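Assemble the complex: chain A is given as a structure, and chain B must be docked to it using the hints.
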Amino acid sequence: MKPDPTTPSPGWFDRPGTHKTLWRFLYLACGISVVAECYVHREQHFSIDGFFGFYAVLGFIACAVSILVAKVLGYILKKPENYYGDLPEEEPADLDPARHDRA
Amino acid sequence: MTVPDLPPSLLLSAGAFLVPLLRGTARNVYLVLLPLAALGLVALLPETTPGAGFSVQLLGGFEKLQMLRVDKLSRAFGIIFTLNAAAAFLFAFHVKKAAQHTAALVYIGSALGVVFSGDLITFYLFWEMMAIASAFIILSRDTERARRSAFRYFLVHVFGGLLLLAGIAMTITRTGSTAFAAYDWHSADAGTWLMLLGILVNAAAPPVSAWLSDSYPEASVTGGLILSAYTTKTSVYALLRGFEHWEPLIWIGCAMTIYGIIFALLENDMRRILAYSIINQVGFMVCAAGIGGAMAVNVSVAQAFGHIIYKSLLWMSAGAVLYRTGLSKCTDLGGLYRTMPMTLILGTIGAMAISAVPLTSGFTSKTMIVAAAEHRHLLWPWLILEIASAGVFLHAGIKFPYFVFFAKDSGLRPPEAPRTMLAAMGVLAFLCIYLGIHPEPLYHLLPYPVEYQAYTAAKLVTQSQLLIFSALVFFLFLKLLKRTPTIVLDTDWFYRKGAPLLTRALDSTLNGINRLAYRTLAQGLTSKLSAFFSDGPARLVGALATPLLLLRGLRGEALEAGRADLQQRSRNSAFPIGFLACIAVLMLAALVLVFHK
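Just so you know, the protein sequences line up as chains A and B, in that order. For the first sequence, my numbering assigns the number 6 to the initial residue and increments by one for each residue that follows. For the second sequence, my numbering assigns the number 148 to the initial residue and increments by one for each residue that follows.
Bound-form chain A, shown alone:
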């Protein structure tokens, strides 16, 4: 399927400014979730989870490390799609039969 030249305007997500607004919302949400901790009483279960904003830090570090580990592993584990040999392109019967007409 080729890009549709008749599309009049980019979708709302691709309009200039949308990304900026979404980023602002994200930062705002981060701020609110941390500030909200001042107003709740949180039980401490372990020696490490006592400090303020523990879950925010945990979420940040956990995801950052996961992404970096995946990135490094990617150098070893990512292979071209025909790594296990080429197979003929087939047309599975379970797909929308009309999809080629839209191309």
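Be a bit skeptical, because a hint or two may be false.
Here are some, though not all, of the chain B residues that point toward chain A, as calculated from beta-carbon distances under 10 Å [stated by the list, open to error]:
1) LYS244
2) SER287
3) ARG288
4) ALA293
5) PHE410
6) LYS476
7) ARG485
8) ILE534
9) ALA604
10) VAL608
11) THR609
12) ALA618
13) TRP640
14) LYS644
No farther apart than 25 Å at their CA atoms in a straight line, the calculated lysine-lysine pairs in the PhoX-like style are these [what the hints assert, rightly or not]:
15) LYS76/A - LYS644/B
16) LYS476/B - LYS555/B
17) LYS25/A - LYS626/B
18) LYS629/B - LYS83/A
19) LYS476/B - LYS83/A
20) LYS83/A - LYS555/B
Bear in mind the hints are in silico, worked out from the structure with no lab data behind them. Remember, predicted model here, so these are calculated numbers, not experimental data. Ideal placement from N, C-alpha and C gives every residue a C-beta, glycine not left out.
For chain B alone, coordinates are given in the frame of chain A:
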């Protein structure tokens, strides 16, 4: 109301064979109604006392097969299995092939058979039936990729099934009983270990985990959806039934959660991302089974229940995209929010639920698992589960919807998913939110009374922090997550590359020995022996005859010619009769001399 004492597994498995007789809408309606009938049956079946349920005598002289053990644990799994089946068949309204539906019904029926089995033999028989039927579901996509994948899938499950069978045989021999009871970790022996290993193969525990991400994404749009719910969850059921409190399960479960995340982050194919996400989610359940105790068993069941709903919803949204576009790689997709907004919204509800966002079913079950680890003061498992909870949001909660529906504009403008698909997704999305707000009906189904309050201010704040900061990391690190048209090597590499390597190694060693033997023995030694036996006597004759020829006065070329003539005659055994007679006389004379006393 009384219901017949009938195993739900039989209802579905026997009902499967009516499918080819029906056509068109009648078949589709039948396919939705049959699991709903099974759901009613599961809900209404009275609890059985051990050994009292429906049983059949399969072989004379053996114990009867106990096919119906109804208690809270089996009922909870039975309800979600049948409920999910009804939604899946509604989604599969467009599928014309009867074969896939038949295989799916037998598969789901076998999964129910495992869950309601009252003894080890019945358990094993349904376990293997499930493996066979599921291989047929993969095969029914009818592509070369699917056929190869189904072949690998089947071999791995045969391996797991043999481990299980060996374990069952040893356990029955040791205990003298076929009962599938809880096994004590502290008196674990080889039999129970083998059973556990066999069950863990189906749970997709590493290192025997790659079968899942290798096969489910090769199945058809609805095949992958149906497969995603049952095999791993019957495993969780078996772990809860027999292996609660087994400490290694805590660590195996933790490893599964992290492994699922890392590999899902590496993947490009949306259905593979969801496949790795299953391993991550089952990790939570396996870990809870290992922690053990009323609370952990409850959360494991609750997690399985909620997981089947939101994971099916995610597979459905991915399936709808695949159905409309024929594509499943993130590098090919993107920007579909324009034309498939309903699929996006419903899929996102599933993505929020799997990430345990407040007001979804994931929140009311997953925070309970973390609480169970807290409750037992297991620092490392708790920390790993928290990290994994953040990672779930990263790969399934954001990565999947973002790269499929947003990211770049792929230029694809597929129409919205068919109405039956949207209806099926709508039902599951409703359940995700309903159970997130009113978890009481689910809590009521759990094996033990629940004393858990999901919605406390502290939990809401901590979970929000965890998730929002995970989202922040995703978008900050978006460049590192750029999709590439690649596959990821997993442990299936060992048999997918290892098997051809083994064939080549056997080829070069065994055929090498063959060639060597041919060269040295057949060609070398035989021809040398042959030359020795034909040339040796000729040369001997030549040497012996030389003095005679010299006596006859032959010299130089004439001597050589005379000797060559004799040698040729010797090779051809063509001496003049007189010459032979002369040699015979000489030989006899020699014998007389030797043996004369």
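Original post:
Are VAL608/B and chain A close enough, Cβ to Cβ, to be under 10 Å, as the hint says?
Top reply: holds (5 Å)
Original post:
CA of LYS476/B to CA of LYS555/B, is that 25 Å or under?
Top reply: holds (13 Å)
Original post:
Should the hint that SER287/B touches chain A count as held when the rule is a Cβ pair under 10 Å?
Top reply: holds (9 Å)
Original post:
Quick one, are LYS25/A and LYS626/B close enough, alpha carbons at most 25 Å?
Top reply: holds (17 Å)
Original post:
Regarding the hint that ARG485/B lies at the interface with chain A, is the smallest CB-CB distance below 10 Å?
Top reply: holds (5 Å)
Original post:
Quick one, is the TRP640/B hint okay against chain A at 10 Å, beta carbons?
Top reply: Since the shortest Cβ distance to chain A is 9 Å, the answer is holds.
Original post:
Close enough to count: is the Cβ of ARG288/B nearer than 10 Å to one in chain A?
Top reply: Holds, because the Cβ-Cβ distance from ARG288/B to chain A comes to roughly 5 Å (cut-off 10 Å).
Original post:
Is LYS476/B close enough to LYS83/A, meaning Cα to Cα at most 25 Å?
Top reply: holds (14 Å)
**OP:** Under 10 Å, Cβ to Cβ, is where LYS244/B needs to be relative to chain A, so tell me if that hint holds or is violated.
**Re:** holds (7 Å)
Original post:
Hey, does the ALA293/B contact hint survive, CB to chain A under 10 Å?
Top reply: Holds. Min distance 8 Å.
Original post:
For the hint on ALA604/B, does the least C-beta distance to chain A fall short of 10 Å?
Top reply: holds (4 Å)
**OP:** Report holds or violated for the interface hint on THR609/B, using the least CB-CB distance to chain A and a cut-off of 10 Å.
**Re:** holds (4 Å)
In summary, this structure violates none of the numbered hints.
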